[in-house]
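Enquirer: Protein sequence lines, in the order shown, are assigned to chains A and B.
Positions 26 to 638 (this note's numbering) are the ones given, in order, by the first sequence.
Positions 26 to 638 (this note's numbering) are the ones given, in order, by the second sequence.
One or more of the hints may lead you astray.
To be verified - Taking lysine-lysine pairs in the DSSO-like style, the calculated list, with each CA pair at most 27 Å apart, reads:
(1) K456/A x K451/B
(2) K579/A x K138/B
(3) K353/A x K583/B
(4) K451/B x K190/A
(5) K353/B x K186/A
(6) K190/A x K353/B
(7) K44/B x K138/B
(8) K610/B x K579/B
(9) K428/A x K353/A
(10) K579/B x K138/A
(11) K456/B x K353/B
(12) K451/A x K353/B
(13) K156/B x K138/B
(14) K190/B x K353/A
(15) K353/A x K138/B
(16) K428/A x K451/A
(17) K451/A x K451/B
(18) K44/B x K610/A
(19) K190/A x K44/A
(20) K451/A x K190/B
(21) K451/B x K353/A
(22) K583/A x K353/B
To be verified - Over the 10 Å line for every Cβ pair with chain B, so calculated as not near, a few chain A residues:
(23) D78
(24) E97
(25) W111
(26) T120
(27) A142
(28) V153
(29) I168
(30) K190
(31) A215
(32) R344
(33) I429
(34) M577
(35) A581
(36) R605
Quick caveat, the hints were computed from the structure, so don't treat them as lab data.
These figures come from a predicted structure and were not determined experimentally.
Glycine residues also receive a C-beta, built at the ideal position from the N, C-alpha and C atoms.
Protein chains: 2
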Amino acid sequence: MSTETKTAAENAVDQTAAKITTGPLPASYKIYVHGQTHQSLRVPMRQIHVGGDEAPVTVYDSSGPYTDPAAEINIREGLADNRGTWLQERGDVETYEGRAVTDADNGFAKGDKLVPAFPQQRAPLRAVGDKAVTQLAYARAGIVTPEMEFVAIRENNGRIKAWEKERDGHDFGASIPDLVTPEFVRQEIAQGRAVIPANINHRELEPMIIGRNFLVKINANIGNSAVTSSMEEEVDKMVWATRWGADTVMDLSTGRNIHNIRDWIIRNSPVPIGTVPLYQALEKVNGIAEDLTWEVFRDTLIEQAEQGVDYFTIHAGVRLHMVPMTAKRVTGIVSRGGSIMAKWCLHHHRESFLYEHFEEICEICRRYDVSFSLGDGLRPGSIADANDEAQFAELETLGELTKIAWARDCQVFIEGPGHVAMHKIKANMDKQLEHCHEAPFYTLGPLTTDIAPGYDHITSAIGAAMIGWYGCAMLCYVTPKEHLGLPDRDDVKTGVITYKLAAHAADLAKGHPGAQDRDDAISRARFEFRWEDQFNLSLDPETARDFHDETMPKEAHKVAHFCSMCGPKFCSMRISHDIRAEAEKAEGFAKMAAKFQEGGELYIPADQVEPAE
Amino acid sequence: MSTETKTAAENAVDQTAAKITTGPLPASYKIYVHGQTHQSLRVPMRQIHVGGDEAPVTVYDSSGPYTDPAAEINIREGLADNRGTWLQERGDVETYEGRAVTDADNGFAKGDKLVPAFPQQRAPLRAVGDKAVTQLAYARAGIVTPEMEFVAIRENNGRIKAWEKERDGHDFGASIPDLVTPEFVRQEIAQGRAVIPANINHRELEPMIIGRNFLVKINANIGNSAVTSSMEEEVDKMVWATRWGADTVMDLSTGRNIHNIRDWIIRNSPVPIGTVPLYQALEKVNGIAEDLTWEVFRDTLIEQAEQGVDYFTIHAGVRLHMVPMTAKRVTGIVSRGGSIMAKWCLHHHRESFLYEHFEEICEICRRYDVSFSLGDGLRPGSIADANDEAQFAELETLGELTKIAWARDCQVFIEGPGHVAMHKIKANMDKQLEHCHEAPFYTLGPLTTDIAPGYDHITSAIGAAMIGWYGCAMLCYVTPKEHLGLPDRDDVKTGVITYKLAAHAADLAKGHPGAQDRDDAISRARFEFRWEDQFNLSLDPETARDFHDETMPKEAHKVAHFCSMCGPKFCSMRISHDIRAEAEKAEGFAKMAAKFQEGGELYIPADQVEPAE
């Protein structure tokens, strides 16, 4: 594939490159913060520049080099190797000749139907001998890795001092520090309370952390399916999802070309990539669940670990004796992986091979540092089925598996529901913390009612914000198309923005230090009629601007001291300014509040960061 | 305006009539349930017919005659007089020659700019002598009015027996009955815990109830403004909003033609109409807040009471001494009414005329049964300002005013915020219950973060669902255009559906008997691949169907036993069916769950209702 004469498929890829959305968001500048211990670290952040005499607002940036005007993007080459030297310096990995790609890996796609392999194939890395090369193993050994320092800097969003103001929030027993230090990260990982999904073969990664004492993260699902979608769209969707804030991306592809599409995604992804290996294994046995074997599954794990998949959803908690517990459910088993394994167990009248071989799965994961996302195969698919016997039986098993994985130094987080009415959400969080020994929780929503298909990003954002507040570490997005069809590009964006706002609402409610800074900045902009700042500071500047311009398209309206909602006479904010002006003259009225002046001290000085050129 | 020769403006109205969306929702049939005590009552409900052997699902119906194919709709004539005989039978009202409409009432609009008066003008009703004609007065006197029986039947959604199954919910101390009886309604109103907004001059009304022990309601705001919008759009928006589920509508018009537009809205509205009379009063003094007087305001109250406005937002809680409390706020005063009154107080260095004349306001309201929506003029407009001194000082004053209004037999509910992070929402509900003596709470959202303009229907739906769960009786919708511009028709629909799902999520969490029926029906449809039923049972069947058809447009896909999200091999629900089939053959597996069979007994038999022809 590296000859000068391009194939038709390669030309198609070239065209695809043009589709990828690059460039900064409005008024935004990429900065990179260097590490203290590991000087070479370049931790990306986004600074939103604001008018008036306000300091720029620094926000978490999951978008990778795509929003850096100085970065050259070529998806045929993939992103730069961030982590190669870190891995070499640890001295516990070796390259080797990886497993050969088979026709089955790509669903026997041939000719024009075969998506081309990613051009730059690197030999895979694995641990030397029986060494565990996981962040958990290093943390337990007292080692602060570059990955740990990277996420520590990242979590502080440019803040360099401990938060000294009163903390405003209710954290339900979480232990959120005033400043995230690399040592704090190490401790949290060592205790299993946080995970850095970072396969040693995903060297393009910008590490991030998932844990209750860190910022709430969100995941976006992408993936082709047997019915529709293509590889090109999927790479674009990954970039698109991270542009708007997805912290991890799950590739849930089924059908043909799974292997090659995944390669393209990982090589171009700055965020951790998760998969459900069972999907590909099922394709290898032509979609017949009963024909699945441990051998096929094991082979698939190695295949994906070599490619650099950062976390595996493994439905090892679905056990034979639990299947009858779902008999009276309104919606049965709604997890794809869960239903496949239930079918397998029942057909063979045997315990699940995932459960029986779980220790062997750990052996694979520890060699590459693939994190476990222990799948909730029996999650409820309707309000009626929430918090039932089947769901909690599985959760207890996931707790057992967590201990087994931890014993082998593997990183673990736990998947959760699903469909749950509001009054039953807290019990999910409480039981998860108890049964799974504080391993991070990662939920899908939950949806708080079943009656609004077409709006399930909203029914689920309600549950997601709440469980995020209660302690859930990562929220898997739901798009407006949930239950109805495949999400397109707009749906992906809507889902990501909706989940970013839910995660942020949770951060505010938990009292994360500094989380409210962005809210305050946008509120000041609103009060001072700085329309451009209001757009630029919002999660989706494009939509905010478009909505404004629908009613008030003229440029003059962007500096107007009123808005079309009320008109000039009824503008409460304009009147508030009049009141303050009047009050300033009058006696007995408090001085106008001092401008927010702490930015310079509390946050990283501009000269200590490396701006994107 | 009643001559045979039509003016240009009248012709314009005729064209408008065609714009009104009428006709039933998909697979839906209007039924009317008769009263027991008041036999002539026709309480509307919507039955959604479902495939298979399932009973139809009866849902609350706020849409009025517009969705009844048997009803003749002519917006020039308005809706039928539902309540005239009820009012006459009480024998405590009289017609009189109402206040003459002035040019000021319509903002001095003239000629082609003047929206024509509603053609069929009825002489207004008022109480005889000093009689209070409020539902509260009747309730205290032990009288169960037709309005009370109407809402009792309506709240049960066709259920005729007390709920006998275990109640699934957490109600935070509410007292939700197993069956809503007219006597229960009377008691709740007598205690001030519920309100039926029902001006005696709004005879077209289909009564509804607002209270913590009833279904959570939603309000939609409409209204023209000085900058844009027209009367025609507003009538259409009212019908449109109620079609999708708005339980009340607030007409927040400013600018010209306020009087005439409001007449058109009320005469055509099946739901209670609320206003902020201060807006019109301000127009009458040319938008100069300082020029407002009690006389102008009082005149406006009478004008609107005669037209049939069902509830007034009165910002009487904003007092002079509270204004300095807002000095250090990030966003000052964001309520239009609040800021106008604050400006007036400060300018005149006087206590608010609304506060000083509150008893006189009560005298007016009791003669027409206009309910109070005591305005939260100092609600927070940003996360930073939530739950501050100003906000809670006003809330305490609203509690005082509640007692004054109750002493004059006036119905009262209380407005609430606004912008509040999740961890501060419950305190709002708790303090409101305490300070306002359990008068119903009515909140705007609250928005749980400030950073997502363009998505504030979602940031606020999170807070709305939560506070609805905690006990808030009515949720004022927020559209995607909040903070950015004026909502159009699509925005109104999005806002209403979003708030319907939030209110329903709250009903589920509170454990309202039967609330889960619709969820269960849609979930069974989903599990059984009854796509049409899934669309028809959803809050927005059109969007659900459109989203499905984007991926799977063919009719065959509507009967497909899989969906495009997963494809046939990966369909968990299909596999679940396989599992059940396999298990049925095998031993030791529970029998498949019996179909839901209680509909016939628990709900009103089909022969006891009057179907729409």
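Enquirer: Each hint needs a verdict: does it hold in this structure or not?
Expert: How the hints compare with the structure:
{"no.": "1", "hint": "K456/A x K451/B", "result": "holds (23 Å)"}
{"no.": "2", "hint": "K579/A x K138/B", "result": "holds (25 Å)"}
{"no.": "3", "hint": "K353/A x K583/B", "result": "holds (26 Å)"}
{"no.": "4", "hint": "K451/B x K190/A", "result": "holds (23 Å)"}
{"no.": "5", "hint": "K353/B x K186/A", "result": "holds (26 Å)"}
{"no.": "6", "hint": "K190/A x K353/B", "result": "holds (17 Å)"}
{"no.": "7", "hint": "K44/B x K138/B", "result": "holds (21 Å)"}
{"no.": "8", "hint": "K610/B x K579/B", "result": "violated (35 Å)"}
{"no.": "9", "hint": "K428/A x K353/A", "result": "violated (31 Å)"}
{"no.": "10", "hint": "K579/B x K138/A", "result": "holds (25 Å)"}
{"no.": "11", "hint": "K456/B x K353/B", "result": "holds (23 Å)"}
{"no.": "12", "hint": "K451/A x K353/B", "result": "violated (36 Å)"}
{"no.": "13", "hint": "K156/B x K138/B", "result": "violated (40 Å)"}
{"no.": "14", "hint": "K190/B x K353/A", "result": "holds (17 Å)"}
{"no.": "15", "hint": "K353/A x K138/B", "result": "violated (64 Å)"}
{"no.": "16", "hint": "K428/A x K451/A", "result": "holds (23 Å)"}
{"no.": "17", "hint": "K451/A x K451/B", "result": "holds (15 Å)"}
{"no.": "18", "hint": "K44/B x K610/A", "result": "violated (53 Å)"}
{"no.": "19", "hint": "K190/A x K44/A", "result": "violated (45 Å)"}
{"no.": "20", "hint": "K451/A x K190/B", "result": "holds (23 Å)"}
{"no.": "21", "hint": "K451/B x K353/A", "result": "violated (36 Å)"}
{"no.": "22", "hint": "K583/A x K353/B", "result": "holds (26 Å)"}
{"no.": "23", "hint": "D78", "result": "holds (16 Å)"}
{"no.": "24", "hint": "E97", "result": "holds (31 Å)"}
{"no.": "25", "hint": "W111", "result": "holds (33 Å)"}
{"no.": "26", "hint": "T120", "result": "holds (35 Å)"}
{"no.": "27", "hint": "A142", "result": "holds (24 Å)"}
{"no.": "28", "hint": "V153", "result": "holds (38 Å)"}
{"no.": "29", "hint": "I168", "result": "holds (36 Å)"}
{"no.": "30", "hint": "K190", "result": "holds (12 Å)"}
{"no.": "31", "hint": "A215", "result": "holds (29 Å)"}
{"no.": "32", "hint": "R344", "result": "holds (14 Å)"}
{"no.": "33", "hint": "I429", "result": "holds (26 Å)"}
{"no.": "34", "hint": "M577", "result": "violated (6 Å)"}
{"no.": "35", "hint": "A581", "result": "holds (13 Å)"}
{"no.": "36", "hint": "R605", "result": "violated (7 Å)"}
Consistency note: the structure conflicts with the earlier hints numbered 8, 9, 12, 13, 15, 18, 19, 21, 34 and 36.
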